[in-house]
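Based on the sequences and whatever the hints tell you, model everything.
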Amino acid sequence: MKAYDRSWPKQSSHFSVHRTSGLDSESKLIYSHIKEAGNEGIWTKDLKKHTNLHLNVVNRCLKVLEQKQLVKAVKHVKWPTRRFYMLYELTPSSEVTGGAWYTDQELDTDFIDTLASACYKYIYSRSFPRGDRNVIFKADYGHYPSAAEVKRFIHEKRISSVELSTTDIVCLLDLLIHDDMIEKKMPFAGFMDDEGDSDMEDGGGVEWVYKAINRNVTSTTASDGGIDALSEVPCGKCPVFKFCTADGPISPSNCEYFNKWLNF
Amino acid sequence: MSTQPRLCREIVLEHFGPIVEQVAQVLLTKGRLTLSGIVQFTQMPVRTVREALVVMIQHNICFYAEAREGLRQVCFYSIGQDEILLRLRIGRIIYWSGEWFGKEASTITHLMLLNGRLTLKDLKQWVKDNESSPQQKIVAYEQKFSQLASKRFITAVMPEDSKARIDRKLEAEAIAVNELLLGPSTREKAEIEFKVQQQLDDEDQSRQMIGMKRKVTETMDDDDEVSASKRFALTVEMEVEDDVFFRINYKQFTKYFRNEAVIDQATDIINRGAGQVLRLFLEQSDSFTGGIGKEESQPTSALHVASVLPHDMFTETGLDSREDSVHNERPTAADIVTEYFELLRQSPAKFIKRADNKGHNFFVVDFKSIRLYMMRKLFDKLMKSRFGNSTCRIARILIEKGKLEEKQARAFDIMNAHGLQAVQKMAMLPAKDTREKLALLCTHGICDIQEVPKSADRAPSRTIFLWFVSLDKCYQELLIDLYRSIANVRQRIRHELATRQRLLEKMERKDVSENQDLLSAGDKKAIEELNKKVERLEVSAGRLDEMVMVYRDF
Numbered sequence: 001m002k003a004y005d006r007s008w009p010k011q012s013s014h015f016s017v018h019r020t021s022g023l024d025s026e027s028k029l030i031y032s033h034i035k036e037a038g039n040e041g042i043w044t045k046d047l048k049k050h051t052n053l054h055l056n057v058v059n060r061c062l063k064v065l066e067q068k069q070l071v072k073a074v075k076h077v078k079w080p081t082r083r084f085y086m087l088y089e090l091t092p093s094s095e096v097t098g099g100a101w102y103t104d105q106e107l108d109t110d111f112i113d114t115l116a117s118a119c120y121k122y123i124y125s126r127s128f129p130r131g132d133r134n135v136i137f138k139a140d141y142g143h144y145p146s147a148a149e150v151k152r153f154i155h156e157k158r159i160s161s162v163e164l165s166t167t168d169i170v171c172l173l174d175l176l177i178h179d180d181m182i183e184k185k186m187p188f189a190g191f192m193d194d195e196g197d198s199d200m201e202d203g204g205g206v207e208w209v210y211k212a213i214n215r216n217v218t219s220t221t222a223s224d225g226g227i228d229a230l231s232e233v234p235c236g237k238c239p240v241f242k243f244c245t246a247d248g249p250i251s252p253s254n255c256e257y258f259n260k261w262l263n264f
Numbered sequence: 001m002s003t004q005p006r007l008c009r010e011i012v013l014e015h016f017g018p019i020v021e022q023v024a025q026v027l028l029t030k031g032r033l034t035l036s037g038i039v040q041f042t043q044m045p046v047r048t049v050r051e052a053l054v055v056m057i058q059h060n061i062c063f064y065a066e067a068r069e070g071l072r073q074v075c076f077y078s079i080g081q082d083e084i085l086l087r088l089r090i091g092r093i094i095y096w097s098g099e100w101f102g103k104e105a106s107t108i109t110h111l112m113l114l115n116g117r118l119t120l121k122d123l124k125q126w127v128k129d130n131e132s133s134p135q136q137k138i139v140a141y142e143q144k145f146s147q148l149a150s151k152r153f154i155t156a157v158m159p160e161d162s163k164a165r166i167d168r169k170l171e172a173e174a175i176a177v178n179e180l181l182l183g184p185s186t187r188e189k190a191e192i193e194f195k196v197q198q199q200l201d202d203e204d205q206s207r208q209m210i211g212m213k214r215k216v217t218e219t220m221d222d223d224d225e226v227s228a229s230k231r232f233a234l235t236v237e238m239e240v241e242d243d244v245f246f247r248i249n250y251k252q253f254t255k256y257f258r259n260e261a262v263i264d265q266a267t268d269i270i271n272r273g274a275g276q277v278l279r280l281f282l283e284q285s286d287s288f289t290g291g292i293g294k295e296e297s298q299p300t301s302a303l304h305v306a307s308v309l310p311h312d313m314f315t316e317t318g319l320d321s322r323e324d325s326v327h328n329e330r331p332t333a334a335d336i337v338t339e340y341f342e343l344l345r346q347s348p349a350k351f352i353k354r355a356d357n358k359g360h361n362f363f364v365v366d367f368k369s370i371r372l373y374m375m376r377k378l379f380d381k382l383m384k385s386r387f388g389n390s391t392c393r394i395a396r397i398l399i400e401k402g403k404l405e406e407k408q409a410r411a412f413d414i415m416n417a418h419g420l421q422a423v424q425k426m427a428m429l430p431a432k433d434t435r436e437k438l439a440l441l442c443t444h445g446i447c448d449i450q451e452v453p454k455s456a457d458r459a460p461s462r463t464i465f466l467w468f469v470s471l472d473k474c475y476q477e478l479l480i481d482l483y484r485s486i487a488n489v490r491q492r493i494r495h496e497l498a499t500r501q502r503l504l505e506k507m508e509r510k511d512v513s514e515n516q517d518l519l520s521a522g523d524k525k526a527i528e529e530l531n532k533k534v535e536r537l538e539v540s541a542g543r544l545d546e547m548v549m550v551y552r553d554f
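For the protein sequence lines, the chains are P and R, in the order given.
Start counting the first sequence at 1; every next residue gets the next number (UniProt numbering).
Start counting the second sequence at 1; every next residue gets the next number (UniProt numbering).
Any given hint might turn out to be false.
Stated by the list, open to error - No more than 25 Å apart at the CA atoms, straight line, and that leaves these computed lysine to any residue pairs for SDA-like: (1) P:242 x R:525; (2) P:260 x R:496; (3) R:525 x P:257; (4) P:138 x R:309; (5) R:377 x P:177; (6) R:532 x P:177; (7) R:532 x P:259; (8) R:381 x P:232; (9) P:121 x R:347; (10) R:137 x R:95; (11) P:237 x R:494.
Since the hints were made in silico from the structure, they are not lab data.
See the structure below:
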């Protein structure tokens, strides 16, 4: 955030002087603060605090400014209930809109899922040698994809209509890690990345590489074969599991779920 | 916690019938009792109760303890829940002893489990009565028997087997305390406890040689060049004494099951070669004989394993060699093994790690890390199938990051490389969903809330709510759920059999069992259906027990 200690920021161009010429001093003050906030926007409460004006005055001024199409209200993705203001001609920053993952201030889960599964497929294809399923890469194999490479892949295949930064991709890959689909590996020593453009973006100059964990899982929607024993028996998913007793009204002997399962 | 006793009851009922079950139930619910106590609670004749107790003691699931009450010597009986639960593994034990040591071994374990305990003499008698050519068979059986004994799959029965472990511990402690002049301080107490624990473990360990006698074989005169010590080693072989009772050693079986599970795991997440190398590793480092409670195996180096690498591993290494094609040489055994060691070490389960105080090339199998990995893996799988992918994701984030606020769970802050601005990283779920899913996890007892009040009045509006998952608690609860499910499945089996009681009785009839054609078509169909159902239930119970093994015994 920028400093607000100056009570009267400098007017930088003739244009803005011209635009604010018809305003009263309070509106000018507010306009200058909003301008100062840039494309991040500023919250009405902050405005009030910084200008030391009464809330009514602030509101009145904002109304005037809005009518003149000098400022606009935007919704901040982090605080949907707060009113943020910025200059009319500016585009909100990714901080305000939430970045690539948000469409109309809402998280676009379908988009995320599609991209994540595309990323997984790409990483999967590069995690295991082609051909015999039993053959694997050696421990010092150095060509697992990095986030930058995944980004390039997404870009080249035109999977996303939105421009994605490496940080966005790292987000996606973290998601896959949390889903236990891929693992993050330290690149093998001696392996230098030829891209070199994203080194500084995620932590200490090391560029992590990614590898799919399970060979039998070919896509994000497929399960890794086999179901565990507890989920297989009706008890694992039984909604009345806790009420079930050996000789109560609900018991394994008269259990409907068992009936269904056994007659399947 | 009443699920465990319930399961125990089911098992006793199935294995020993309703009378023993009644006695067992009283002991399970009331704790240790005297004979008259049991008689009073069960309302059964003394004779019957006594017989039931004998059966249970014979099968090592019941213990007695003698105590002095005034002038009288009173004998209390108690029941061992852990021992009963181990009986779930019987089928597995009989099957695998057959796989590992041949058909005779599986007959031996079968007989031993039927009778509780068995001497070699009894076995020979059984062979004489039941096998077609007893003379040849006896030798084979004898051999298998001593093989099982020397590998400690069966152990000699000792008097202390009929005492509960806790009694043995208390007795040993009392002796140790009596040796002191004053009452023990806290530190001394802890020391004594530790010492006693070790003493008991040692006792269990040293059991191996009891019931065995040395046998001199006739290989002595073969070779003059063999050094004296080696010749000695060759000539001493252990043989089982005729009239010592033996029983199944569940611990040893569990250890083998554990090792197999570990190998399977390696095969699953790396490849077949890794599984093979790990098996050789375990065999080389004698992990099949060490104690199960140990967190790591004996150290072994790659060279040791390489020396026993089978030949088919050279041609089919299972490693991608395209990169090396420039060198165009076949890898040596040491190369292959070193490569697999590296893969095993780097895999997410961390199968092996470097031995701490050995040389550079020595590794140990890290059972602890593998166990934790297997537990986590199963738990994740369970959550995924129960709650779905995204809920599982939230739980995983919480497990990984510790305590998180709801918003953070959705979008946790991580300082970026410049440390100037907090970059938001997302679990990538909408706020509403996150809240719902956290609540769901909470109702199922998987995650909990920690409140951190900001002000002294502890108003909810000024309180931060942090979510966290306590894995140990989850595992404990999961174990109880497993017991409950197994009990349910067992009860269902009983129910299925009971509904077809009439038909089963008909099957047992002599004329019917000799001539299946006496059954009507409907009966045959019903039998088939029943078999299918029972098989399905039995398989599930077995698989559930496999999960129990991971969470309790490994």
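For each hint, the structure was consulted:
Of the pairs offered as hints, the one joining residue 242 of chain P and residue 525 of chain R is violated, with about 35 Å between alpha carbons and a cut-off of 25 Å exceeded. Taking the CA atoms of residue 260 of chain P and residue 496 of chain R, the gap is about 14 Å. The hint holds against a cut of 25 Å. Under the criterion of a C-alpha separation no larger than 25 Å, the hint pairing residue 525 of chain R with residue 257 of chain P is consistent with the structure, at around 23 Å. Annotation: proposed proximity of residue 138 of chain P to residue 309 of chain R holds, straight-line Cα distance about 18 Å (limit 25 Å).
Under the criterion of a C-alpha separation no larger than 25 Å, the hint pairing residue 377 of chain R with residue 177 of chain P is consistent with the structure, at around 14 Å. Of the supplied pair hints, the one linking residue 532 of chain R and residue 177 of chain P is violated, its CA atoms being roughly 41 Å apart against a limit of 25 Å. A distance of roughly 13 Å separates the Cα atoms of residue 532 of chain R and residue 259 of chain P; the hinted pair therefore holds under the 25 Å criterion. At most 25 Å may separate the alpha-carbon atoms for a hinted pair to count; residue 381 of chain R and residue 232 of chain P meet this at roughly 12 Å.
For the hint pairing residue 121 of chain P with residue 347 of chain R, the CA-to-CA distance comes to about 21 Å; that is within 25 Å, so the pair holds. This hinted pair checks out: residue 137 of chain R and residue 95 of chain R have alpha carbons roughly 20 Å apart, not beyond 25 Å. A C-alpha spacing of about 22 Å is found between residue 237 of chain P and residue 494 of chain R, which places the hinted pair at or below 25 Å, so the restraint holds.
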